[in-house]
Amino acid sequence: MFDYNFHWRPVMKSLPDLLEAASLTLQVAVLAMVLGIVIGLCLALARLHLRGPVYWFATAWVELARNTPALFQLFFFGFGLGAFGLHLSPYLIVLAGLTFNCAGYLAENFRGGFKAVPETQIRASRSLGMTPWQAYSRVVIPQVFRIVYHPITNQMVWAVLMSSLGMLVGFRELSGETQFFASRTFRIFEYFAVTAVIYYAIVKVILLSSRLMAARLFRY
Amino acid sequence: MISIRDLHKYFGALHVLKGIDLDVQKGEVLSVIGASGSGKSTLLYCINGLEAIQDGAVTVDGTDVHAKGTDINKLRQKLGMVFQQWNSFPHLTALENVALAPRIVKGKSKAEAREIAAMQLQHVGLGEKLDVYPGALSGGQQQRLAIARALAMEPEYMLFDEATSALDPELVGEVLDTMRLLADEGMTMICVTHEMGFARDVSDRVAFFHQGVMEEIGPPAQIFGDARSEHTRKFLANVR
Numbered sequence: 001m002f003d004y005n006f007h008w009r010p011v012m013k014s015l016p017d018l019l020e021a022a023s024l025t026l027q028v029a030v031l032a033m034v035l036g037i038v039i040g041l042c043l044a045l046a047r048l049h050l051r052g053p054v055y056w057f058a059t060a061w062v063e064l065a066r067n068t069p070a071l072f073q074l075f076f077f078g079f080g081l082g083a084f085g086l087h088l089s090p091y092l093i094v095l096a097g098l099t100f101n102c103a104g105y106l107a108e109n110f111r112g113g114f115k116a117v118p119e120t121q122i123r124a125s126r127s128l129g130m131t132p133w134q135a136y137s138r139v140v141i142p143q144v145f146r147i148v149y150h151p152i153t154n155q156m157v158w159a160v161l162m163s164s165l166g167m168l169v170g171f172r173e174l175s176g177e178t179q180f181f182a183s184r185t186f187r188i189f190e191y192f193a194v195t196a197v198i199y200y201a202i203v204k205v206i207l208l209s210s211r212l213m214a215a216r217l218f219r220y
Numbered sequence: 001m002i003s004i005r006d007l008h009k010y011f012g013a014l015h016v017l018k019g020i021d022l023d024v025q026k027g028e029v030l031s032v033i034g035a036s037g038s039g040k041s042t043l044l045y046c047i048n049g050l051e052a053i054q055d056g057a058v059t060v061d062g063t064d065v066h067a068k069g070t071d072i073n074k075l076r077q078k079l080g081m082v083f084q085q086w087n088s089f090p091h092l093t094a095l096e097n098v099a100l101a102p103r104i105v106k107g108k109s110k111a112e113a114r115e116i117a118a119m120q121l122q123h124v125g126l127g128e129k130l131d132v133y134p135g136a137l138s139g140g141q142q143q144r145l146a147i148a149r150a151l152a153m154e155p156e157y158m159l160f161d162e163a164t165s166a167l168d169p170e171l172v173g174e175v176l177d178t179m180r181l182l183a184d185e186g187m188t189m190i191c192v193t194h195e196m197g198f199a200r201d202v203s204d205r206v207a208f209f210h211q212g213v214m215e216e217i218g219p220p221a222q223i224f225g226d227a228r229s230e231h232t233r234k235f236l237a238n239v240r
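Line by line, the protein sequences give chains A and B.
Numbering follows the numbering used here, in which position 17 of the first sequence is assigned residue number 17; successive positions increment by one, without gaps.
Numbering follows the numbering used here, in which position 25 of the second sequence is assigned residue number 25; successive positions increment by one, without gaps.
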C-alpha cells in the first residue's frame with residue numbers, strides 16, 4: 001500500500017536557496033535569448049542573402065542546433081571542448097549550449113519572418129531614397145519583429161525549461177540546486193514537486209508579460 | 001529634364017525594352033499606355049534606378065542614373081514613385097508613413113517631418129486620418145497615402161506605376177482626382193496607366209508602348225484621334 005510520508009519542512013527551509021537558484025536560471029535563459037536573437041538574426045540574414053562559406057556555416061549551425069538533442073549540444077560545450085583542453089565553467093557551458101540552440105531555432109523563425117515581408121516594401125523604401133540599411137532597419141525588421149514575436153516568446157519559455165539540463169553538467173541553477181538538496185535529504189519527490197511549481201510560475205510570468213507587452217507594442 | 005537614350009533592358013534572355021528614346025520636360029505630364037508586358041512599368045523602374053539597365057542611358061537633370069559614381073539615394077529624392085500595390089508601411093500610422101523618409105533620409109527634425117507629413121496628408125485629402133494605421137484605410141486612401149509619402153520628399157518628378165490598377169472601381173476616381181490635382185499644380189509626371197480618360201484629359205503627351213518599343217508618342221488628340229501605328233489603333237479599339 002501507499003506508505004510514503006511527505007516531509008515538506010526541509011524543502012521549505014531551503015526555499016530561499018531554491019529561489020536564488022531560480023534567479024540564476026532566469027538570468028542564464030535571458031542572456032542566452034538576447035545572444036540567441038542577435039546571432040539568430042545574423043544567421044537568418046546569412047542564409048537569405050549570402051552564398052559560399054558564410055552561408056554554409058550558418059546552415060550547419062541551424063541544422064545541428066535543430067536536429068540534435070539539446071543535451072548533446074550542452075555536452076559538446078562541456079565534455080567536447082574539455083577533451084581538447086578547453087574547460088568552461090558550468091555557467092558558461094549552459095550559456096553557450098542554450099545560446100547555440102536558441103540561435104538555431106530563432107534563425108529559422110527570423111528567416112520565415114523575412115520571407116513574409118513582401119519585397120515591394122523594400123522597393124517602396126528605396127524609391128524614397130532610403131539606403132538598404134535604412135529600409136531594413138526602419139521598414140522590414142519592425143514588421144519581421146511582429147511576425148516572430150510569439151515564436152520568440154515560445155523560445156524564451158523553452159530556454160527557461162531547457163536550462164534544467166544544466167544539472168547534468170554540474171550547474172547549480174534551479175534543477176541543479178534541487179538535485180543537490182534532494183540527494184542530501186532524500187526528499188526527492190518533495191523537492192522536485194516544489195521546483196516544478198517554481199518553473200510553472202516563472203513561465204506563467206513570462207507568458208503574461210509577453211502578452212501585456214504585445215498589446216502595447218502592436219497597435220496595428 | 002528626364003532624358004532617355006537608346007535604353008535596353010533585359011530580364012535574362014527576355015528583351016523588355018528595345019532602344020527607348022524619350023525626353024520629358026519639366027512641367028510635362030506624360031501618360032504611357034500599352035498592353036501588359038509591353039515594358040511600360042519597367043521603364044519607370046529604370047528611370048529611378050530600381051532596375052539596372054543593359055545599354056543606353058537615363059539622365060535626370062544631367063545626372064546619369066546608372067553611372068557608377070551617382071548617389072542614387074540622393075537622386076531618388078527628386079523622383080517620387082507611386083506603385084500599383086500602394087506599399088504603405090503597415091506598422092506605421094499614416095502620419096509616420098509620410099514622416100519617415102523626410103526624417104531619416106533628409107535629416108529633418110521629428111517635429112518638422114511631422115509637420116510636412118500632416119501638410120501632405122491634408123493635400124491628398126487624408127487630413128482626418130493622421131493617426132490611422134494603413135490596415136484601417138481603403139485601397140484608395142492607401143494609394144493617396146502613398147502619393148503623400150512620395151510628395152513629402154518634395155520631388156521634382158512623380159512616377160506613377162499603374163496607380164489605380166489594383167483598386168476597386170469605385171475607388172479609382174479619388175486617386176485620379178489627386179493625380180489631376182498634382183498635374184494642375186505643375187508637377188512633372190510620368191504616368192503608366194490603363195485609364196484612357198485620364199491619359200486623354202490630363203496628359204500633355206501620350207506614349208504608346210508595344211512589345212518593348214515605343215511605337216508612337218504625341219499629343220492625346222493625335223494618339224486617340226489619329227494614331228499612325230496599326231498597333232496603337234488596335235490597342236485603343238480593344239480598351240474602349
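Be aware that a few hints might be false.
[Stated by the list, open to error] Quick list of simulated restraints, FRET-style, between CB atoms: (1) LYS204/A <-> ASP168/B: 40 to 48 angstroms; (2) GLY27/B <-> TYR149/A: 45 to 53 angstroms; (3) GLY69/B <-> GLY52/A: 45 to 53 angstroms; (4) ARG228/B <-> LEU217/A: 56 to 64 angstroms; (5) GLY80/A <-> ASP55/B: 32 to 40 angstroms.
The set of hints was computed from the structure by calculation and includes no laboratory data.
Here the structure is a predicted model, which is why all the values come from computation and not from measurement.
Glycine included, every Cβ here is placed at the ideal spot set by N, Cα and C.
Now for the hints, and whether the structure bears them out:
Between LYS204/A and ASP168/B the beta carbon distance is about 46 angstroms. The supplied range of 40 to 48 angstroms therefore holds. GLY27/B and TYR149/A have their C-beta atoms about 48 angstroms apart, which keeps the hinted 45 to 53 angstroms range intact. The beta-carbon spacing between GLY69/B and GLY52/A, approximately 28 angstroms, falls outside the hinted interval of 45 to 53 angstroms. The hinted window of 56 to 64 angstroms between ARG228/B and LEU217/A holds, with their beta carbons roughly 59 angstroms apart.
At about 57 angstroms, the CB distance of GLY80/A to ASP55/B disagrees with the hint of 32 to 40 angstroms.
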